[in-house]
Amino acid sequence: MANVFANKKTFKETFQTRVEQIYGIKFEESTPHQRYFTLGTLVREYISSNWIETNEAIVEGKHKQVYYFSMEFLMGRLLTNNIMNLGIRPVIEAGLKELDIELNELEKIEADAGLGNGGLGRLAACFMDSIASLGLPGHGNGLRYRYGFFEQKIIDGYQVEVPDKWLQRGYVWEVRKSNESVEVPFYGYVKVEKIDGREVYTHIPEEYVRAVPYDVPVVGDISNGNKTVDTLRLWSSEPTENEYPKNMSAVEYEKGVRNISEFLYPDDSTEEGKILRLKQQYFFVAAGVRWAVRQHKETFGTLDNFMDKNVLHINDTHPALIVPELMRILIDEEGYDWDSAWAITSKTCAYTNHTILAEALEKWPVRLFQPLLPRIYMITEEINRRYCLELLNRYADQPQKVAELAIIGHNQVRMAHLAIVGSFSINGVAQLHTDILTQIEMKDFNEMYPERFNNKTNGITHRRWLLHCNPELTALLDKEIGTGYHTNTFELAKFEEKINDPKVQEAIASMKHARKQALAERIYREQGVQLDPNSIFDIQVKRLHAYKRQLLNAMHIMYLYNRLKEDQEFKANFHPQSFIFGAKAASGYYFAKKVIKLINSIAEKVNNDPDTNQLLKVVFVENYNVTYAELIMPAADLSEQISTASKEASGTGNMKFMMNGAMTIGTMDGANVEIHELVGDENSFIFGLTADEVNNYYQNGGYNPWDLYNSDARIRRVLDQLVNGFLTPDTEEFRDIFNAVTHNGDEYFVLKDFDSYVRAQEKANQAYKNRQHWIEMSIRNISRSGKFSSDRTIQEYADQIWHVEPLKFKK
1 MANVFANKKT FKETFQTRVE QIYGIKFEES TPHQRYFTLG TLVREYISSN WIETNEAIVE
61 GKHKQVYYFS MEFLMGRLLT NNIMNLGIRP VIEAGLKELD IELNELEKIE ADAGLGNGGL
121 GRLAACFMDS IASLGLPGHG NGLRYRYGFF EQKIIDGYQV EVPDKWLQRG YVWEVRKSNE
181 SVEVPFYGYV KVEKIDGREV YTHIPEEYVR AVPYDVPVVG DISNGNKTVD TLRLWSSEPT
241 ENEYPKNMSA VEYEKGVRNI SEFLYPDDST EEGKILRLKQ QYFFVAAGVR WAVRQHKETF
301 GTLDNFMDKN VLHINDTHPA LIVPELMRIL IDEEGYDWDS AWAITSKTCA YTNHTILAEA
361 LEKWPVRLFQ PLLPRIYMIT EEINRRYCLE LLNRYADQPQ KVAELAIIGH NQVRMAHLAI
421 VGSFSINGVA QLHTDILTQI EMKDFNEMYP ERFNNKTNGI THRRWLLHCN PELTALLDKE
481 IGTGYHTNTF ELAKFEEKIN DPKVQEAIAS MKHARKQALA ERIYREQGVQ LDPNSIFDIQ
541 VKRLHAYKRQ LLNAMHIMYL YNRLKEDQEF KANFHPQSFI FGAKAASGYY FAKKVIKLIN
601 SIAEKVNNDP DTNQLLKVVF VENYNVTYAE LIMPAADLSE QISTASKEAS GTGNMKFMMN
661 GAMTIGTMDG ANVEIHELVG DENSFIFGLT ADEVNNYYQN GGYNPWDLYN SDARIRRVLD
721 QLVNGFLTPD TEEFRDIFNA VTHNGDEYFV LKDFDSYVRA QEKANQAYKN RQHWIEMSIR
781 NISRSGKFSS DRTIQEYADQ IWHVEPLKFK K
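Under full-length UniProt numbering, the final residue of the sequence shown carries the number 811; numbering is consecutive throughout.
If you are wondering where the hints come from, they were derived from the structure by calculation, not from laboratory data.
Be a bit skeptical, because a hint or two may be false.
For lysine-lysine, the following DSS-like pairs were computed, each having C-alpha atoms within a straight-line distance of at most 25 Å [what the hints assert, rightly or not]:
{"hint": "1", "residue 1": "9", "residue 2": "26"}
{"hint": "2", "residue 1": "165", "residue 2": "503"}
{"hint": "3", "residue 1": "274", "residue 2": "62"}
{"hint": "4", "residue 1": "64", "residue 2": "297"}
{"hint": "5", "residue 1": "503", "residue 2": "479"}
{"hint": "6", "residue 1": "8", "residue 2": "108"}
{"hint": "7", "residue 1": "64", "residue 2": "165"}
Because the structure is a prediction, the values reported are computed rather than measured.
Input sequences plus hints: build the corresponding full structure.
Spelled out as C-alpha cells, the structure:
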C-alpha cells in the first residue's frame with residue numbers, strides 16, 4: 001500500500017476520498033466522528049505492515065517472547081499515541097488544517113478505552129508502550145470489557161456511577177480474530193483413567209465459554225529505525241459453539257457468558273460476585289496461555305524448550321492461575337510427567353507484586369474454587385501438597401509456619417502464595433516496597449527463595465507524560481538541550497545546567513502558567529469553579545482509598561479555612577492556594593464515597609465564602625481518567641503523595657508530576673523515597689511517620705488517636721466540625737469518618753501525621769512566594785526525573801528477568 005502519510009497532499013486527498021467511500025456521502029457533509037473514524041482506519045492500515053513484519057521477525061528469529069498478563073490496561077486515547085510514535089503527526093496536522101479541521105478536535109472524539117481503573121492499569125499501558133518502543137517481542141493479554149470501570153458523575157456532592165459505554169460507537173484500533181477463538185471450560189468433574197500404566201485426567205466440563213480475541217496494535221516509537229508493533233490481545237466472552245449446558249436455560253447461560261467480560265472488577269461482596277471474578281481470571285488466563293502454547297508449538301513443534309522461549313508475566317495476583325493452567329496443558333494435553341511439567345512451568349512464570357495491603361492479596365474460598373475449576377483445583381492442591389512437604393522439611397518444629405505459608409489454608413486458595421511458589425522471579429515496584437516485602441511481609445518466602453526476589457522501580461512513558469501532554473515544556477527542552485532525551489530520558493540531566501539562565505526560568509514560569517490556565521478553563525467550563533492560575537495548584541489525583549489519605553488533605557483544608565477566618569496575620573502572609581482532587585471510589589467502598597462527599601461539602605463552604613475565597617479554592621474534578629490526567633499533570637505546582645508510609649507500593653503519578661516540574665509534598669513511601677534521594681529535602685516537602693515507625697506501631701501498639709484529639713485544638717476543632725452541623729445540617733453525614741480516626745483507632749495515622757503535614761504545607765506555601773527559587777526547584781525536579789521513564793524499567797525487566805532481545809528487521 002502506498003504511504004498515505006508521505007506528504008500533506010497525498011494524505012489530504014486520500015483522507016477525503018476514504019471518508020466518502022466509507023460513508024457514501026460528500027466529504028463536506030461528514031460528521032467529526034466519521035472523520036475521526038476514517039483517520040483512525042488510515043492510521044491502523046498504515047500500522048499493519050509493521051505489525052505483520054514484527055510477527056514475522058519474532059517467528060523467523062525464533063525470539064524469546066513475553067506475554068504480559070494483566071486484568072487492566074488503561075491505555076488512554078491511542079490516536080495521539082500512535083501518530084506520535086509513528087512520526088506522522090506533522091503531516092496529518094498540516095493536511096487537516098488545509099481542510100479547516102483541527103487534529104485536536106478529532107483526538108477528543110476518541111473514548112478512553114475502559115480497560116482499567118487506576119495505577120495498575122496505567123502502568124501496564126506504559127509498559128506496553130516501552131516494550132514496543134525498545135523493540136522487544138512482548139504482548140499484552142487481558143479482558144475486553146464492554147463497559148469501563150464507570151463514568152463518574154458528582155450529584156449533590158455524592159459520587160454517582162453511570163455505565164462507561166466506551167465501545168458504543170466502535171473501537172477503530174481493534175481487529176477481531178474469530179479464527180483464534182478458544183473454548184474455556186467451567187464446572188463439571190474430572191475423569192481419571194489408567195492408560196499405558198499412567199493416570200490420565202480429563203476434565204468433563206458442565207459449560208464452555210468461547211473466548212474471542214480482539215487484537216490492538218501497540219506501536220513503538222520509530223526513532224532509531226524501530227518498526228516494532230506489538231499486540232495487546234483482549235479476550236471477549238461469547239456463547240460456546242459446543243452444546244449449551246443442560247442445567248440452565250439458553251437465556252440464563254448467555255447472560256452469564258456476557259457477564260464475564262462485561263465489567264472490570266464486579267462487586268465481590270456476594271458469592272455470585274466472587275464466582276464471577278474468579279471466572280474472569282481463569283477465562284483470560286486459560287485463553288492467553290493457550291495462545292502462547294499454540295504460537296510456540298507452531299514455531300518449535302515441542303514444548304520441551306517452552307521456558308527458554310517464553311515468559312508468562314503475572315501482573316499482580318489476578319492472573320496467578322497461569323501456574324496451574326500451564327501445568328494442566330503440559331500434563332493433560334501434552335503428556336508430560338509432573339516433575340518435567342513443573343520444571344517448565346516454574347522457569348516460565350514471573351510475578352510482580354503491587355501491594356502489601358492484605359485485602360488486595362487475593363484469597364478464594366475452596367468451596368467456590370473447587371466446583372468452578374475442578375481440574376485446576378486438583379493441580380493447585382498437588383502443587384500445595386508437594387510444596388508443604390518442602391515446608392515440613394524446613395520447619396519441622398513449627399507446624400503453624402507451614403499453615404501460614406501454604407498455598408491452600410483455612411479453606412482458601414492464596415493467590416499470592418501460588419504465584420510466588422510457581423515463579424522464577426518475584427519483584428516489587430519500588431525499593432522501599434521491595435524491602436518491606438523481603439524483610440516483613442514475605443520474609444519467610446524470601447528466606448526460602450532469596451534468588452527470586454528483586455526490585456524493579458516503576459516508570460512512566462515520557463512520550464505520553466511529557467512529549468505529548470506538555471508541548472510548552474517539550475519545545476523548551478528541545479531548544480535548550482536537544483532531542484536526545486526523547487529516546488534517553490537520562491539526558492534530561494543536561495537541563496540542570498540552565499538553572500540560572502533568566503530566559504529559561506522565564507520560559508518555565510510561562511509554561512506552567514499556560515498549563516494551569518488550560519486546566520482552569522476546563523474546570524470552569526465543566527464545573528463553574530473559577531481558579532486563579534497565579535495561585536498554587538495543589539493536586540491530589542489517584543484512586544480514592546483510605547491509605548492514600550485524601551482525608552488528611554481534606555482535614556488540612558478545613559484547618560486552613562478556620563485559620564484564614566480568624567488569624568489576620570496568617571491571612572496576610574498566605575499565598576492563594578487551589579486544592580484540586582480527582583478520584584473514583586469503588587462502587588461498594590462506602591468510606592471512600594463518604595470522603596468524596598466530604599471534599600465536595602468543604603468546597604461548597606470555602607468557595608462560597610467571600611471572606612476567604614480569593615485565597616482558598618477547592619474542586620473535585622468529575623470523572624478523572626487518563627485524558628484528564630494529561631491536562632492535570634503539567635498544571636501542578638504541588639504533587640500530593642501523602643499515603644501512610646509503607647502502604648503505597650510505588651505510585652506513578654508522583655513521577656508524572658515530577659517530570660512536569662511539580663514539587664512533591666509527601667511521606668517517605670513508595671517511589672517518593674527514590675524521588676527524595678534524587679532531589680533532596682531542599683527540592684521536596686517530606687513529612688510524617690516513616691515506614692519503620694508505622695510498622696513499629698502496628699506491631700507494638702502505643703498510638704491512641706484520642707490523645708491527639710484531646711491535646712491538639714486544631715485537630716479537635718476540625719473533627720468536631722465533621723459532626724456538629726458546620727458542613728451540612730445532617731450531623732450524622734460524616735459520623736463514620738469521625739469514628740474511623742477516633743473510635744476505630746485511626747488505622748492510617750491521619751491524626752498522627754496531621755501536625756507534620758501542616759508544617760510541610762506552610763513551608764511549601766512560603767517557598768512558593770520566592771518565585772525564582774521555586775522555578776529553580778522545578779528545573780531540578782525535571783532534570784532529575786530521567787530515572788522514572790518506563791523505558792528504564794522495561795530495560796531492567798528485559799535484562800534481569802525476561803532475558804529478551806530486541807527484534808531485528810530486514811532492511
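Legend entry - Distance restraint between residue 165 and residue 503, which requires alpha-carbon spacing of 25 Å or less: 47 Å, violated
Inset, instruction - Compare the distance between the alpha carbons of residue 503 and residue 479 with 25 Å, and conclude whether the hinted pair is satisfied. - result: 12 Å, holds
Legend entry - Pair hint residue 274 and residue 62, alpha-carbon separation not exceeding 25 Å: Not satisfied, since the Cα-Cα distance of roughly 40 Å exceeds 25 Å.
Legend entry - Hinted pair residue 9 and residue 26, Cα distance within 25 Å: Given that 25 Å is the threshold and the Cα spacing comes to 19 Å, the pair holds.
Legend entry - Pair hint outcome, residue 8 versus residue 108 [Cα-Cα no greater than 25 Å]: 22 Å, holds
Legend entry - Holds or violated: residue 64 to residue 297, with C-alpha atoms at most 25 Å apart: Judged against 25 Å, a Cα distance of about 13 Å means the pair holds.
Inset, instruction - Sort out whether residue 165 lies within 25 Å of residue 64, counting only the CA atoms. - result: Not satisfied, since the Cα-Cα distance of roughly 37 Å exceeds 25 Å.
Checked against the numbered hints above, the structure breaks hints 2, 3 and 7 and satisfies the rest.
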